[in-house]
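If you're matching them up, the sequences are chains A and B in order. Under the numbering used here, the first residue of the first sequence is numbered 1, with each subsequent residue one higher. Under the numbering used here, the first residue of the second sequence is numbered 211, with each subsequent residue one higher.
FYI, nobody ran anything at the bench for these hints, they're computed from the structure. Source: prediction; values computed, not measured. Just so you know, not all the hints are guaranteed correct.
[What the hints assert, rightly or not] In silico DSSO-like links for lysine-lysine, alpha-carbon gap of 27 Å or less: (1) Lys263(B) <-> Lys33(A); (2) Lys204(A) <-> Lys165(A); (3) Lys165(A) <-> Lys316(B); (4) Lys316(B) <-> Lys39(A); (5) Lys181(A) <-> Lys165(A); (6) Lys39(A) <-> Lys181(A); (7) Lys386(B) <-> Lys39(A).
[As the list claims (entries may be wrong)] Listed below are several chain A residues computed to face chain B (Cβ distance under 8 Å; list not exhaustive): (8) Leu61; (9) Val63; (10) Asp83.
Beta carbons: idealized from backbone N, C-alpha and C, even for Gly.
So the chains spell out like this:
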Amino acid sequence: MSDPTYAEHASPTVAYPVTSADGDNRQGQQKPKPLPAGKTPVGPGIVTAVGLTLAIMVVALGVVGVHDALVAAGATGGAPWIDSAVQAFNEVTPAVWLVPVSLSLVLLGTWLLLTAVRPRPRTAIALRSQTGVFLRPRDVAKLARNAAQEVDGVTSARVTAGPRKVTVAVQATTTEGVRTKVTQAVATRLGALATAPTVRVTVKTEGSSS
Amino acid sequence: MSRRVITLDRFASFLVGLAVIAAGVLAFAWWLTPGWLPRSLDTSPVTDVTSQKWWPWVTGLAGAVLVLAGLRWLAGHVPHSRVGEVTLPGSDDDGRLRATATPVVKAAADVLQSTPGVRSATGRVVRERGQLVARLGATIEAGADLHDIAFAADQMAADLARVLERDDLRCLVQLKVATRTRSLPRVS
Numbered sequence: 001m002s003d004p005t006y007a008e009h010a011s012p013t014v015a016y017p018v019t020s021a022d023g024d025n026r027q028g029q030q031k032p033k034p035l036p037a038g039k040t041p042v043g044p045g046i047v048t049a050v051g052l053t054l055a056i057m058v059v060a061l062g063v064v065g066v067h068d069a070l071v072a073a074g075a076t077g078g079a080p081w082i083d084s085a086v087q088a089f090n091e092v093t094p095a096v097w098l099v100p101v102s103l104s105l106v107l108l109g110t111w112l113l114l115t116a117v118r119p120r121p122r123t124a125i126a127l128r129s130q131t132g133v134f135l136r137p138r139d140v141a142k143l144a145r146n147a148a149q150e151v152d153g154v155t156s157a158r159v160t161a162g163p164r165k166v167t168v169a170v171q172a173t174t175t176e177g178v179r180t181k182v183t184q185a186v187a188t189r190l191g192a193l194a195t196a197p198t199v200r201v202t203v204k205t206e207g208s209s210s
Numbered sequence: 211m212s213r214r215v216i217t218l219d220r221f222a223s224f225l226v227g228l229a230v231i232a233a234g235v236l237a238f239a240w241w242l243t244p245g246w247l248p249r250s251l252d253t254s255p256v257t258d259v260t261s262q263k264w265w266p267w268v269t270g271l272a273g274a275v276l277v278l279a280g281l282r283w284l285a286g287h288v289p290h291s292r293v294g295e296v297t298l299p300g301s302d303d304d305g306r307l308r309a310t311a312t313p314v315v316k317a318a319a320d321v322l323q324s325t326p327g328v329r330s331a332t333g334r335v336v337r338e339r340g341q342l343v344a345r346l347g348a349t350i351e352a353g354a355d356l357h358d359i360a361f362a363a364d365q366m367a368a369d370l371a372r373v374l375e376r377d378d379l380r381c382l383v384q385l386k387v388a389t390r391t392r393s394l395p396r397v398s
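Starting from the given sequences, assemble the full structure and let the hints guide the process.
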């Protein structure tokens with residue numbers, strides 16, 4: 001990789017040769033360490049969906065307030081929504097329906113509390129590297145499937161992959177030695193993962209019943 | 211999505227959760243009808259308030275504020291964390307050295323793309339979960355050698371460290387395996 005490749009794109013406000021703050025020319029010096037890894041990618045999580053829902057509810061509540069103000073000003077017809085909603089509860093007495101309602105509210109509230117503190121799901125598997133290089137589990141499965149299909153005798157392969165375990169189900173012309181070869185091929189292909197997954201292989205010969 | 215929005219989502223979820231639990235407990239207590247709770251609901255104190263002259267002003271103003279706040283909260287969920295320029299070391303009172311960071315990372319992505327087994331790569335600088343991150347995405351072949359790609363990513367990240375000289379910059383390379391397989395050249 002040549003230096004100008006990056007220097008051409010840097011477009012600093014004032015063009016200087018690449019030098020350190022104290023003026024030392026860096027060329028010929030030892031290469032610096034790679035940038036440290038960013039945080040492991042995470043998915044949005046349920047809390048994001050809850051946040052979006054609550055944000056929409058806040059907007060809806062605001063619309064209700066503005067509507068009632070417009071009704072009072074005579075700018076729009078109809079009855080104020082807040083009054084109508086409040087009056088619907090007038091002279092309501094406790095009844096047995098309160099039991100399932102209160103139970104549902106407690107369950108919903110507990111779920112919201114747990115959602116608020118639950119960490120967002122990790123969506124990536126790290127590679128062994130000095131900087132941050134990540135694969136999604138489905139991509140680990142694709143790599144493992146490709147490795148399994150390259151083994152002699154294998155006609156097709158299905159793979160499911162998680163952060164710690166890869167399960168490979170292959171169809172082969174023979175069962176002899178195929179399991180070992182597929183296990184080795186998959187383990188080798190995934191050897192760069194930071195945490196080596198457990199590889200589980202099942203072999204079926206073509207025509208055998210499942 | 212910024213860390214602030216995630217924190218707000220969590221805080222709101224927690225508060226609403228507490229309020230909903232309290233409402234549930236109160237509803238159950240009402241069903242048990244202890245002496246300190248009324249036998250039936252009387253909404254006249256509320257309707258007395260809503261019939262005041264100042265009430266429409268309050269609802270109108272509060273409604274407008276809630277609409278704006280809700281829309282701001284919604285907009286916070288849209289990812290827009292791209293970073294334009296970064297300040298380089300050597301900046302002082304006499305002048306500041308600034309570089310448009312994303313083209314530099316795009317150039318790094320081009321270099322990563324030249325690695326055998328990498329079909330395509332893109333890059334940009336983003337602010338993510340409180341960090342300044344050079345975020346690269348690369349599509350690799352199903353038969354690619356992960357050791358080679360990890361090594362190439364380290365080299366690329368070392369070059370980025372040298373060019374941008376930012377101690378707070380992090381690097382994240384997200385690999386995706388191409389759906390359609392393309393055969394790779396073999397070395398015997």
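Going down the list of hints, with the structure as the test:
1. Lys263(B) <-> Lys33(A): Answer violated: Lys263(B) to Lys33(A) is near 69 Å, above 27 Å.
2. Lys204(A) <-> Lys165(A): Holds. Lys204(A) to Lys165(A) sits at ~20 Å (cutoff 27 Å).
3. Lys165(A) <-> Lys316(B): violated (34 Å)
4. Lys316(B) <-> Lys39(A): holds (20 Å)
5. Lys181(A) <-> Lys165(A): holds (18 Å)
6. Lys39(A) <-> Lys181(A): violated (35 Å)
7. Lys386(B) <-> Lys39(A): Satisfied, since the Cα-Cα distance of roughly 18 Å is no more than 27 Å.
8. Leu61: Since chain B brings a Cβ to about 5 Å from Leu61(A), closer than 8 Å, the hint holds.
9. Val63: holds (6 Å)
10. Asp83: holds (5 Å)
This entry does not satisfy hints 1, 3, 6, going by the numbered hints stated previously.
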